[in-house]
Every structure is written in C-alpha cells, then in structure tokens.
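Student: Residue numbering for the sequence shown follows the numbering used here, beginning at 1 and increasing consecutively.
Among the hints, erroneous ones may be present.
Quick list of the computed label-pair ranges, beta carbon to beta carbon [said to hold, decoys possible]:
no.	residue 1	residue 2	range
1	Q48	Q18	25 to 31 Å
2	C32	D55	15 to 21 Å
3	Q48	V21	26 to 32 Å
4	Q48	S17	27 to 33 Å
Derived from the structure by calculation, the hints contain no laboratory data. Note that beta-carbon positions come from the ideal geometry of N, C-alpha and C, so glycine has one too.
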Amino acid sequence: KKQRRLQGWARRWFELSQKGVLSYFEDRFSPCRGSVNVHQCTVTKIPQRLLITVDSGEVTYHLRALSEEDY
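Using the sequences and the accompanying hints, generate a full structural model.
Tutor: The following block contains the structure:
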C-alpha cells in the first residue's frame, strides 16, 4: 500500500530470502526499493481479507494478495 493517505494500492514485487530478509521492488526487474529483516518485525495476518502487515518499527508494509493461492 502506498505511504500517503488515500492513494490506494500499488502492484509491487516482493522477495523473501532464506535468511528472512523481505525486499520489495516496483516490478520484478527493477532495483530494490526497500527491505526489512522479518525476524525483527511484527507480522500480522488477516486471512479473510488476504492481508499481511509487516511492521519493523521504522517502516510498515501492508501486503494484499489477489487470490488465496498467492496469499
């Protein structure tokens, strides 16, 4: 979800490494826009809405899947 109010959702590419680092990109081939160590974050799931929130204390990512398979 975009950071500014009322700007809605934007499609992004996320990768989770085996070391627990979640990185995000504008698309699959763009440079990394940010990353957090998931081991040091609070992760909240809302399966009914296909929503995952990752909060590192400095940055919060709101992730929403398009399908249950993606979730």
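Student: Would you mind marking each hint as holding or not holding in the structure?
Tutor: Right, here's what the structure says about each hint:
The hinted window of 25 to 31 Å between Q48 and Q18 holds, with their beta carbons roughly 29 Å apart. About 19 Å separates the C-beta atoms of C32 and D55, a value consistent with the hinted range of 15 to 21 Å. Between Q48 and V21 the Cβ separation comes to about 28 Å, which falls inside the hinted range of 26 to 32 Å. Range check, Q48 to S17: about 28 Å between beta-carbon atoms, so the 27 to 33 Å window is met.
In terms of the numbered hints stated before, the structure departs from none.
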